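First to last, the sequence lines map onto chains W and S. For our numbering, add 17 to where a residue sits in the first sequence, where the first one is 1. For our numbering, add 888 to where a residue sits in the second sequence, where the first one is 1.
Hints were generated in silico from the structure; no laboratory data involved. Small disclaimer: the values here were computed from a predicted structure and weren't measured. Just so you know, even glycine gets a beta-carbon here, dropped at the ideal spot from N, CA and C. It is possible that some hints are incorrect.
What the hints assert, rightly or not - Label-pair distances were calculated between CB atoms; the ranges are:
hint	chain 1	residue 1	chain 2	residue 2	range
1	S	1114	W	553	30 to 40 Å
2	S	1187	W	961	36 to 46 Å
3	S	910	W	429	25 to 35 Å
4	W	390	S	897	26 to 36 Å
5	W	105	S	910	56 to 66 Å
6	W	152	S	898	20 to 30 Å
7	S	1110	W	492	35 to 45 Å
8	S	898	W	553	28 to 38 Å
9	W	413	S	890	44 to 54 Å
10	S	1134	W	885	49 to 59 Å
11	S	906	W	940	50 to 60 Å
Said to hold, decoys possible - Simulated pairs of lysine-lysine, BS3-like, Cα-Cα distance not exceeding 25 Å:
hint	chain 1	residue 1	chain 2	residue 2
12	W	174	W	68
13	W	139	S	1024
14	W	492	W	68
15	W	661	W	852
16	S	901	W	492
17	S	1039	S	1153
18	W	888	S	1024
19	S	1024	W	68
20	S	1153	W	139
21	S	901	W	68
22	W	824	W	960
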Amino acid sequence: MRLPPQSGEWIDRSQPLNFRFEGRAYTGFEGDTVASALWASGVSMLGHSFKYHRPRGILSAANHDVNALMQAGGTPNVRADATPLEAGMALTAVNTFGTLERDAGRFLGGFARFLPVGFYYKAFHSKRLFPLWERMFRAMTGLGRVGFATPRLRTPKRYGFCDVLVVGGGPSGLNAALAAAEQGADVVLVDEHARLGGSTHGASDLVDQVTAHPRIRVFTDTFAAGYYADHWVPLVERDRITKMRARAVVVAAGAYEQPAVFRNNDLPGIMFATAAQRLIRRYAVRPAQRVVVLAANADAYRALEAFIDAGIEVAAVIDLRDDVPADQQSVLAALRIPLHTGHCIVEALPANDGKRVAAVRVAAVGAPAPATNITCDGVFMSVGWAPAAPLLYQAGTKMRYDDGVHQFVPDTLPDGVFACGRVNGIHTPAARLLDGERAGSAAAAHCGFGTMKAISVPAEMESPTHPWPIVSHPKGKNFIDFDEDLQLADLENAIQEGFDNIELMKRYSTVGMGPSQGKHSNMNALRVLARATGSTPGEVGTTTARPFFHPVPMSHLAGRGFTPERRTPMHALHTAAGAVWMPAGVWQRPEYYAIAGQSRSKCIEGEAMAVRSGVGLIDVGTLGKLEIRGPQAAEFLERVYISKYAGLKVGMTRYAVMCDESGVVIDDGVVARLADDHFYFTTTTSGAALIYRELSRWNTLWKLDCGIVNLTGAMAAMNLAGPKARAVLAGLTDVDLSFPYLAVREGTVAGVPARLMRVGFVGEWGVEIHVPAEHGAAVWDALMAAGQAHGIRPFGVEAQRLLRLEKGHLIIGQDTDGLTTPGEAALDWAVKMDKPFFVGQRSLQAIAGKPRRQQLVGFMLPAGHAGDAPKECHLVIDNGDIAGRVTSIAWSPSLSRHIGLAYVQSGMAAVGNTLTIRLSDGSLVTAEVVKTPFYDPDNLRQKETT
Amino acid sequence: MPWRLLRFALSNKHPEPRMFTRHDTLKPAYDVVIIGGGGHGLAAAYYLARDHGITNVCVLEKGYLGGGNTGRNTTIIRSNYLTPEGVKFYDESVRLWQDLSTDFDLNLFYSNRGHFTLAHTDAALRTSRWRAEVNKHFGIESEVVGPEAVKKAAPMIDLSCGGHAPILGALYHAPGAVARHDAVAWGYGRGADLRGVEIHQRTEVLGIDVVGGKVTGVRTNRGNIATGKVLCAVAGSTPRVLDMVGIRSPIYVHPLQAMVSEPVKPWLDPILVSGSLHVYISQSARGELVMGASLDPYEVQSTRSTFDFPEGLSAHMLDMFPFLSNVKVMRQWAGMADMTPDFAPIMGRTPVEGFYLDGGWGTWGFKATPVCGKTMSYTVANDRNHDLITGFTLDRFRNFELTGEKGAASVGH
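Start from the sequences, fold in the hints, and give me the full structure.
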């Protein structure tokens, strides 16, 4: 029921909002949460519990009510108590079979005796039947439904910086923010609720001061999801994450009010006293007509006036304590409310429809009979608190159990982390303000602003938390964990079965594993364990508090989801030429250029034949391109590559293979010497970033007098190859093209400064042309134009793979694997063991003394092979055992044969040997080991100079 | 409803006995001391007692049972490895897994869901074929399938993965399964306990006595023990224990993180792994999506979480399943993975007599729990390496006889 306007209420009565819940129409106001609007409309059953499908209502109204999770269209598990009401919402309760009113899952409550803690470990595991049971379990499990029509949401993220981050905008947090800002610190204050002020009322002056302060930035409706190293705290807003880097963090996150445990303590209408106050003050909703207040602390008595003012009849205050301080007693006397000290609620009784509490049975603590019935439609519990300390734990705070306040409080805080208010064990309103000021001042001083004020905060006079708010009942249903429907006996039974430390108990019983992550169950569970094992809560300790504080949507975490893609300067030209793209690491490369009416293989074959008989041009700009300069540049290359470079003549290039420390081939490329102290060299496309990083690391370690520059993105590169290549290039360059194979020259191409390297990868006369990236497209265009008359064709990765295979050249990563040594890959000739040192040398020395495991060989299928050809990674079989594998295979148009490379056991590597290759369907194909190169075995074509 | 549950309803007292006996003191001597009360250590204890009749054994656990990587992994079980050594070893493990619930009389929720390793590149497709061919050679169900088979098993998947990593195919491994990880430790623990093995939790090993190259005892925070045989099964703490006996190893420790979503109604049946997107995912019996990615890229001996992990993993999850945008991540955590250079474990006898190692399990130890227990118990009982682990001995690094599981182990878990 809606109350008359309350001072400072959050709802805007001029903005009514219509919405639907479980198919029925309701109206709330702007500023309502879904839960407050429903409660105001007389709906007390907001959901059903996870296991027994029992009616549940509002417990905290503070974003911990995970039994009031709702399905909002395609969005599962919307928290009704924290989600702002919007016009037109259509909500249903999650995890019902049918509707909330007629939930076929209700019958499960009747089976509770059959389903004690861990029952599913004890049965259903016959090998034959488990799959059936599992299907049934999977039908029952889970909460909301994933909406498959939900689009990919792209949520922004940003970085934030501040001196002092204050988490929690209650009295202590407000005062901490103010104190820190007053001392000169740049402060960010974050609170998960829509407005500052915390769960208490009347801090409005302080709120105004904080809001108006020029050095305080306020984030409301935002929660701090976790604490990560070096004061890194992601702040989760409704539609954004701000990753805040602070110099100091003040945790003023308060405490979660804790439930009392008695039979049927989960009935709708039974809620925390703070929840009742939130409903009244924020949303002007009367939580109940006639209530019983279950108390064990001063907070209960402070709240009474608000209840009376809201027109609630307080039928009685039941206080668990024997001795209630006089000032608290006197409050009752003035209000003429009966007080039962040393009493507890033994059981709550449901109304006929089961959807709300109708009465409670009250008895003396420890003596369940005789019990008196008190009719009521609400029970407000104010029996204690648990600190909202996850961020403190994540920061590495050592906590201790304080017997004075019966809660865990920070014992040793990490550098730059501060705590104040209820999370620090300070509960009295005036003391919380002081404690906030103390922490804020200390945090500012930590950042170098002002000096830490000497403030002593008085200790609590009495405990705000009862050490044992738990009443056992022979019939159970006295819930410790509302998320997981765990009753007192479930925990006792888990302990009896040997799960008697806090982590094992959690894992076996699942206490604290639900969506609220134990915010209202961990403390009582810990008490049960302590009592059962004769230890103290401090000895029992807590479970690890892992991120997140509240669950965070994946779209928020994913952010905009950038997937960077690199393109060479010629990208648009390739597209215009019909390129079919393939990913190559972060790059996009033309796989081949499509020609209308021609198949993929025809196009690739055509490109390859153009290179063999005419001229072709390929973009090789994705290769890693590095430059090294300095007196010790040659020395550096000698150390990182397996061949020698000190003696390489200026103006010449040399193939370069790199190994890791275990002697495994990891990369290859070409090293060109431009001057004594200046080399330009390439790496593989996929290895570029990694190799640059690795070389930089070596350079840092070795401290040689040289520097490496990564020119991968700064240079464009293309390979012009084929018998007519020289004719194409001749008219465009000032370089004398009679320079020899494997030489490098600097000059211009199409008027652009260029480096020209005579290479032979594809086996024809060819030049790799490297030019500044900004001129890449112009040079490509010029070469294509000049080649027109010679029938030039651009060729893609596939044609190049075929052409290099015809030459027997290997591709690192395809023809090598994570254990391939240079010897196995037929690269012995490149290894210069007589150098003083290179990376991998020691390993290769050791390996040299051992029999070779396998050998890369060339093979051909018989001429006229019909049927399927092997594919890459099909196995070579010898005497029924695995004897190797195919690494590359292709149909060679030049040779009219299938040719390939394969690893085989060393004994099988002789030329002329017959290999048996097994296809996926099990059929066997024979092949013959042949010498490589397959094509132009003496390499005459690529070497020719005239 | 199984009749067995009746006794709960008919009994006033909870009819279940303790799973693990409480031992207040350590004995002065044991035949075998096992360091590490995770799945591997407890399995070894179980098989030592059951198969080899060695029951004067104690398991020392610094924290609580299964609290290390046993309770932190994403519970995937498979045998589609790349090397013959690996394939045979894990195949035996899968065989043991399938009967474990019955052996223990404890439901481990061993759930055979099928396992897809998605290939987004030519290279990944080639590796898939390699693995499939090696697997088939040893009689293991693995095959390369096309994108349509992936779509059939997970109809909601975006095969283009947001347009930048299209799924070209997959390695499908029908026996791929998940299991309730904690229960595995409890099952082995209870079985060992029933047979007389002592399990000591909250007992930290402070040192190991080695005299003349032989193990003679173990020092703990609760007193010293004399023993001639020590089995080390401590995952991310392996280098620290090896230091105690002066053994050098090439193990380096990287954190491995994981996260789960809030429970949602089951919609994903198979286990999916993508090496290119660094994602592996399955949906648990509780309805939670269990998600992991690759190792953190640096060495840290810590189980701290980092925020970039859920950020990056969520982005890749949404590439595959854009409709999960509004599904929330509930919790993240980390474990310490003891990595080896060839991504294969280190098992068996060591240069210190009586000191046996079961380590280097990196990111893939859970699935091997039963077979590790079997083979290590044999090795300890007979002081001879079991045939299945001869490819995994420590001296292979000195001898350059590596077992190359890189392709199959990384981001496979």
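A quick look at each hint next to the structure:
{"no.": "1", "hint": "S/1114 - W/553: 30 to 40 Å", "verdict": "34 Å, holds"}
{"no.": "2", "hint": "S/1187 - W/961: 36 to 46 Å", "verdict": "52 Å, violated"}
{"no.": "3", "hint": "S/910 - W/429: 25 to 35 Å", "verdict": "31 Å, holds"}
{"no.": "4", "hint": "W/390 - S/897: 26 to 36 Å", "verdict": "29 Å, holds"}
{"no.": "5", "hint": "W/105 - S/910: 56 to 66 Å", "verdict": "59 Å, holds"}
{"no.": "6", "hint": "W/152 - S/898: 20 to 30 Å", "verdict": "28 Å, holds"}
{"no.": "7", "hint": "S/1110 - W/492: 35 to 45 Å", "verdict": "42 Å, holds"}
{"no.": "8", "hint": "S/898 - W/553: 28 to 38 Å", "verdict": "36 Å, holds"}
{"no.": "9", "hint": "W/413 - S/890: 44 to 54 Å", "verdict": "46 Å, holds"}
{"no.": "10", "hint": "S/1134 - W/885: 49 to 59 Å", "verdict": "56 Å, holds"}
{"no.": "11", "hint": "S/906 - W/940: 50 to 60 Å", "verdict": "59 Å, holds"}
{"no.": "12", "hint": "W/174 - W/68", "verdict": "37 Å, violated"}
{"no.": "13", "hint": "W/139 - S/1024", "verdict": "36 Å, violated"}
{"no.": "14", "hint": "W/492 - W/68", "verdict": "17 Å, holds"}
{"no.": "15", "hint": "W/661 - W/852", "verdict": "8 Å, holds"}
{"no.": "16", "hint": "S/901 - W/492", "verdict": "12 Å, holds"}
{"no.": "17", "hint": "S/1039 - S/1153", "verdict": "20 Å, holds"}
{"no.": "18", "hint": "W/888 - S/1024", "verdict": "16 Å, holds"}
{"no.": "19", "hint": "S/1024 - W/68", "verdict": "43 Å, violated"}
{"no.": "20", "hint": "S/1153 - W/139", "verdict": "24 Å, holds"}
{"no.": "21", "hint": "S/901 - W/68", "verdict": "22 Å, holds"}
{"no.": "22", "hint": "W/824 - W/960", "verdict": "13 Å, holds"}
Hints 2, 12, 13 and 19 from the list above are not met by this structure, while the remaining hints are.
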